[in-house]
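J.: Sequences listed follow chains G and V, in order. If you count the first sequence from 1, position 203 lands on 222 in this note's numbering, and the numbers rise without skipping. If you count the second sequence from 1, position 121 lands on 140 in this note's numbering, and the numbers rise without skipping.
Note that these hints are calculated values from the structure, not bench results. Each hint can be trusted.
Heads up, the list lumps identical chains together, so a pair's fine if it works in one copy or across two of them.
Below, in silico cross-link-like pairs of lysine-lysine (DSS-like), each with a Cα-Cα straight-line distance of 25 Å or less:
| hint | residue 1 | residue 2 |
| --- | --- | --- |
| 1 | Lys108 | Lys28 |
| 2 | Lys126 | Lys201 |
| 3 | Lys62 | Lys75 |
| 4 | Lys74 | Lys126 |
| 5 | Lys164 | Lys126 |
| 6 | Lys62 | Lys126 |
Chain by chain, the residues run as shown.
2 protein chains.
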Amino acid sequence: MAGNKEEVKLLGITGSPFVCRVIIALKLKGVEYEFLEENLGNKSDLLIKYNPIYKKIPVLVHNEKPISESLVIVEYIDEVWKGNPILPKEPYNRALARFWSKFIDDKCVSSASKAVFTLDEKEREKNVEESNEALQILENELKDKFFGGEEFGFVDIAAIFIAFWIPIIQEVGGLQLFTSEKFPKLYKWSQEFLNQPLIKENLPPREPLFNFFKGRYESLAASK
Amino acid sequence: MAGNKEEVKLLGITGSPFVCRVIIALKLKGVEYEFLEENLGNKSDLLIKYNPIYKKIPVLVHNEKPISESLVIVEYIDEVWKGNPILPKEPYNRALARFWSKFIDDKCVSSASKAVFTLDEKEREKNVEESNEALQILENELKDKFFGGEEFGFVDIAAIFIAFWIPIIQEVGGLQLFTSEKFPKLYKWSQEFLNQPLIKENLPPREPLFNFFKGRYESLAASK
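Okay, chain G solo, but in the shape it has when bound (with noise of 0.2 Å):
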């Protein structure tokens, strides 16, 4: 690419919680970039050929580079544009951000997504159980107003699947996986991170996507 031209496309959905990690990222950075919609059930040749592994979004591609999975292309973005920094600086902080945003993603995603969209009560019972303990965890962890301490950071983008996500899914699903009586400290930290500027502004509107899980919910429900 010739001089400064920077040409920043992002492959996504607007409802998915990685993807809007990777425009959090982008959008405290200042960073100009070209959405890219994508319809999950029919993958774009783009798609395809930026992601050819997964085949999954969100793909940011800099400059005709592909990268995938959306803490990695967090950090990327925090290496490449300097201002605003999303990781801490020190290396033992790096390091824990690092865990912290891995434990979120191995822990918190796939058990409160699956406590909710399943038919089997057995599989729905250990999977609230597995989303309590790490909802636990995260509650303990949480020492300052963000992870971040005063200000948000990487671990706090990691998490709005909590903040945002959790909330929209459990009333799909009737359940109450993360409340203000159950984790006060960490739904503190959820309403304080919704509601800084950066994040409101870039959150999906609401309604459309809770009638789309509704929707995913009933279908499954129907299957029954």
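Go by the hints and put chain V onto chain G.
T.: Chain V only, in chain G's frame:
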């Protein structure tokens, strides 16, 4: 800690590929450390203190500060001790290194292990197929002598499971997951990598490891 005094401890077991990653990183950087051999049947108070979330090895304890998750530890080591870099310098190559090391953990490690250590024929077939697919993707990806180019790096270290552990467990299970016929480039890579003096000197001895896995395999078969 006073002055330059560094206190580095590694909690692990000798035969673990995840611990081996950390040992290689420490040796590459020339960091002196104390190895604390764990007994996973009776975990030490230190392990429970330093990794209360997972109670798993490896844990690196640097000046009393613990870090878990082998890839997080290797990246930490690379950030703290600057000589002999493990990750590439350029952000895009760093992102690729993180992507591929995550791919190895997500797609190769568990499929190959499950292919060997299962009684269920269908489960075995499924995992053999997944392991094949993942190794084929790596075979296609390998362009240079090492994943890191002319010198080994982050992805090579992550892939030590493939180079050293898969040949052992496939022999135990009488499978052909990773052979020179199926994956010639990857096999050549594994031989080059294992022949690097630093790697060769820091691998666990093969025979006790083989016997350990053989025992595990036989006790599984006996429980049929």
